[in-house]
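K.L.:
Going line by line, the protein sequences match chains A and B. According to this note's numbering, the first sequence holds residues 1 to 154 in order. According to this note's numbering, the second sequence holds residues 1001 to 1394 in order.
Calculated from the structure, these hints are not laboratory results. Just so you know, even glycine gets a beta-carbon here, dropped at the ideal spot from N, CA and C. Please note that a few of the clues may not be correct.
Derived DEER-like restraints, expressed as beta-carbon distance ranges [what the hints assert, rightly or not]:
#1 1290(B) x 88(A): 38 to 48 Å
#2 133(A) x 1370(B): 21 to 31 Å
#3 91(A) x 1358(B): 13 to 23 Å
Per the computed footprint, the stretches of chain A lying under chain B, defined by three or more beta-carbons under 8 Å from a beta-carbon of chain B, are [stated by the list, open to error]:
#4 27 to 39
#5 44 to 51
#6 59 to 67
#7 78 to 87
#8 120 to 127
Examples of chain B residues lying across from chain A (beta carbon under 8 Å, computed) [unchecked claim]:
#9 1042
#10 1050
#11 1051
#12 1057
#13 1059
#14 1100
#15 1104
#16 1105
#17 1108
#18 1111
#19 1257
#20 1350
#21 1351
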Amino acid sequence: LEGAVVFQPDQKEFLPMQKTILIADDDHELVDAMAIRCRRHGLKALCAHDAFTALSMIKSESPDMVCLDVEMPAGNGLSVCEMLASDDECRAIPVAIMTGRTDPDTIIRCHNLCAYYVEKCPDVWSRLEPLLTEILGPAAAASQPRQLHFDQRC
Amino acid sequence: MHNESSRMPGLASQIVANGRGKRRAIASNSSDRLPAFVESLAHDLRTPLAVIQEYAALLRDGLVGSLADEQQRVLEVISDRACDLNRVVDNAVDASNFATRSHRVRGHRCRVHDIVARIGPQLVRKAAIRKVDLQFPTSQELPDIHCDDETAGRAVANIICDAINACAKDCKISVSEEPHPRRKEAGMRVSVEGPGQEAVVALFHHLAELSRSDLDHRIDQLREASLAVELIKSNLGTLEAASCERAPAALWVGFPIAEPVEVLQRHLTRISQLLASPQKVMLFRAAVREPIERRLSRDIDRVLNSGLGRNDLIIELDRARWLVAVVHKRPSIERFPKRTERRRQLINRRRLGEPLPKICWRLLGSWHLPNDLSRMLATVGRRFENRPSADAPA
């Protein structure tokens, strides 16, 4: 619900309801790093490592945003995007395609599908963060520096 | 790239092992497929580079524990070198595209400040490691420019990185955003003063010299400096070196102001130089009737761009209108609008968000290049300049 609040016992205060992002990439380490960044941004991060899991998690969890790699096992991120477009329940979910491909065909296909294109490069987070802010709102936890651990991985 | 794998046995075995080898091996069999081969390799390199940088950044930002100063410094070096490698990857892709003449730059309306803001952090990090004083003086409000901000930013970053590497410790480099005093251009002035300045002067003059020669003369030596120059030229930009005794070495990198006459003139002059035979230019105005959001406008811009040929040009007049120049020996009035409409319908069938609105076309006329250039520019100036922009806030 828009504007709803949720009580988080560990933080002992009421926070706006956490928005959810699904990150799907076959590179586990990159997904872990992105998930840590997203949690720091105040989001609940869900992770998938193949297209099939990504699609089923989108249907079951209805995330507020999806971040997909192009080349993944069991399918292609752009194909997942096409399947979402044909599903009335999922077609409103914003999708970012995060890929190391920079060829015009991939970029054009992303935009034609109405997906955001994010180049997977060394400053990938600095490219993804403005998108998250634009789509899901500003960082909720940015004012609270908090140490995260890699055992919080997906 | 014939027998590329036989020259790199270690790499070849890895390629075959990771399951994408077949596609890459097919690509490497033909020099025509060089860009596809390099792009595939670049794709596989970018993910580990992103992981290295992200993990270093997580440590650096204190998200997985606090660090001592020396540990921070080590991480800065790791990040800097990851960015260097990424630049090498980007340069390899650009070089292969230039070498096979498949490089395409799609300009759009953007701001000098956004380009500087994007490349700034990596340059500041490199300068700090090299103990060079890199400054970005307070910027002044500049008019929008017309270029591909991604490739233009890459070219400027390459040049400033080279300048940082060339000068000595405690040298001062200043990157200021300025309008050009004479031309309809806005860009960056890179000034260098201090120890090692002579090497930077030589670098700047070398770049300016390269910008005056044709790509054909340097196609076999597409190195970093040459690539930067070519990227700036393909973005209709200019480079100028200036230095005198007791004055700092300076390099001007500028791009055309986003005015239709200026952009069209530069593009068609460049096309006339590149193409020996006379061409015909057909000008269209593409427009969307209903008011649209910025993102939808960008998507239409991309649909229009994706249908253009190598020598064609699209200029965003405002959020809902575009000027399209189709350059061909025998351009067809029908072909481009019909093709775009077919593509729009196809896209809307599979699009996640708001459908792309219908695009209305108007033919403004056709002219012969290079003879009718001034008449054509006069027509465009009368029709599209000195009019209030639809993009202005209501």
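K.L.:
Hint by hint, say whether it matches the structure.
P.N.:
Hint-by-hint comparison with the structure:
| no. | hint | result |
| --- | --- | --- |
| 1 | 1290(B) x 88(A): 38 to 48 Å | 24 Å, violated |
| 2 | 133(A) x 1370(B): 21 to 31 Å | 48 Å, violated |
| 3 | 91(A) x 1358(B): 13 to 23 Å | 21 Å, holds |
| 4 | 27 to 39 | holds (count 7) |
| 5 | 44 to 51 | violated (count 0) |
| 6 | 59 to 67 | violated (count 0) |
| 7 | 78 to 87 | holds (count 5) |
| 8 | 120 to 127 | holds (count 7) |
| 9 | 1042 | 7 Å, holds |
| 10 | 1050 | 5 Å, holds |
| 11 | 1051 | 5 Å, holds |
| 12 | 1057 | 7 Å, holds |
| 13 | 1059 | 11 Å, violated |
| 14 | 1100 | 13 Å, violated |
| 15 | 1104 | 7 Å, holds |
| 16 | 1105 | 11 Å, violated |
| 17 | 1108 | 12 Å, violated |
| 18 | 1111 | 15 Å, violated |
| 19 | 1257 | 26 Å, violated |
| 20 | 1350 | 5 Å, holds |
| 21 | 1351 | 5 Å, holds |
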